[in-house]
Structure formats: C-alpha cells, structure tokens
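Residue numbering for the sequence shown follows my numbering, starting at 21 and increasing by one per position.
Think of the hints as simulated: they come from the structure by calculation, not from any bench. One or more of the hints may lead you astray.
Using C-beta positions, here's what the derived DEER-type ranges look like [claimed, not checked]:
# : residue 1 : residue 2 : range
1 : A155      : N31       : 18 to 24 Å
2 : A155      : Q74       : 40 to 46 Å
3 : E45       : G150      : 21 to 27 Å
4 : G171      : Q87       : 37 to 43 Å
5 : S69       : A155      : 34 to 40 Å
6 : T192      : Y60       : 37 to 43 Å
7 : Q44       : E181      : 19 to 25 Å
8 : P32       : A111      : 15 to 21 Å
9 : Q80       : S34       : 33 to 39 Å
Note that the coordinates shown come from a computational prediction; the quantities given were computed from them, not determined experimentally. For every residue, glycine included, the Cβ atom is placed at its ideal position computed from N, Cα and C.
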Amino acid sequence: MNTLLVYAHPNPLSFNAALAKVVQEEISKLGGPIKVKDLYAMNFDPVLSKEDFQGYHTGQVGEDVKQEQADVAWADLVILLGPVWWHSVPAILKGYIDRVFSIGFAYKYTAQGPEGLLKGKKGLLVTTSGADQKAAEKTGMLTTLQNSLAGATFGFTGFQEYKHHNFFAVPTVSDEDRKQMLFEMREMIKNFA
21 MNTLLVYAHP NPLSFNAALA KVVQEEISKL GGPIKVKDLY AMNFDPVLSK EDFQGYHTGQ
81 VGEDVKQEQA DVAWADLVIL LGPVWWHSVP AILKGYIDRV FSIGFAYKYT AQGPEGLLKG
141 KKGLLVTTSG ADQKAAEKTG MLTTLQNSLA GATFGFTGFQ EYKHHNFFAV PTVSDEDRKQ
201 MLFEMREMIK NFA
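Using the sequences plus the hints, can you model the full thing?
Shown next as structure tokens:
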C-alpha cells in the first residue's frame with residue numbers, strides 16, 4: 021500500500037515527530053512504500069494565492085502543487101498528522117489542504133452536486149491536543165475536527181474509508197502514557213494500512 025504522510029509540527033523533537041517516526045517504521049515493516057511530507061522542513065507555502073485560485077478553474081496549478089497532487093494521487097493511504105491549535109490543525113496543514121485538494125483534482129461539481137475524485141483511498145487524520153478528552157468533548161473540539169477536517173477533506177473528496185484519532189493531554193500525561201500512545205499509533209497503522 022502506497023502511503024503518504026503529511027506531517028505538520030515546527031519542533032522536530034515534538035511528540036508529533038515521535039508519532040511520525042512510528043508511522044514510518046510501521047509502514048516500512050508492512051513492506052509498503054511511504055512518502056513523507058514534513059511541511060515545516062519543506063517550508064511549504066500554505067497561502068492560497070490569487071494565481072492559485074484562478075489556476076484551479078483553468079487547470080493551471082503551480083509546480084509545487086502539481087508535485088503534491090501527484091503524491092496524493094500515488095497514495096492508497098493518506099495520513100495527515102499534526103497538533104490541534106485553536107480547535108484546528110496548524111495553518112501550514114490547512115493551507116496544504118486548501119492548495120492541494122483543489123477543484124478539478126480532488127473534487128468537481130456536477131448537476132447532481134459535488135463529486136469526490138479521490139475514490140478508493142483511505143485517509144487517517146491523527147491529531148494531538150493539550151486538552152484532555154473531557155475538555156475536548158465539552159468544547160466541541162472533536163466534533164469540529166471530525167466534521168471540518170476528516171469528513172470535509174477525506175469524505176468530500178471521495179475517500180473510500182477514513183477516520184480521525186486524537187491523542188489527548190499530551191503535554192501533561194506521564195512518559196508511560198506517551199509510550200502507550202506510541203503503541204496505540206503502531207496498532208492503528210497495522211490495523212488501518
């Protein structure tokens with residue numbers, strides 16, 4: 021299974037980086053090729069420019085977007101991984117979605133309504149939060165992530181199967197709890213990839 025990991029965290033020593041490493045290890049153990057997009061290391065431009073917007077409607081996208089779209093098209097499994105900031109993902113990851121999952125590539129409009137063009141793929145949104153599960157549920161954070169990112173990105177664009185998993189209270193749990201989270205990530209990849 022071809023896997024694309026799109027990772028967004030500015031600190032290469034973060035828990036998110038540890039999760040990204042686990043994903044890479046498990047996909048390699050399963051024998052599948054993996055491409056990793058570390059958006060901060062790439063200095064990915066998250067801004068959807070006027071030229072980008074106009075180009076989407078004429079089929080003319082920049083070389084950076086063409087490459088990212090080629091990698092999404094190549095993948096059977098797309099994993100988006102990053103922290104939760106203000107009930108969403110970092111702007112660099114949201115900008116990746118805005119620029120890469122564009123009209124004409126990821127979806128189109130028909131007389132019957134929108135149609136996803138990325139059929140047959142699997143998607144996994146993995147997030148980490150400082151909030152514990154109770155706070156995340158009380159504030160609606162989980163619902164927001166599920167609806168506006170997992171559903172609106174993967175579901176809207178035609179992915180066959182997708183899910184979201186959040187690791188809670190990462191900064192305040194024990195090292196033992198974080199080790200358990202890394203184990204859960206390994207198991208998730210084994211069972212979903």
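- Query: Hint by hint, which ones does the structure fall short of?
  - Reply: 4, 6
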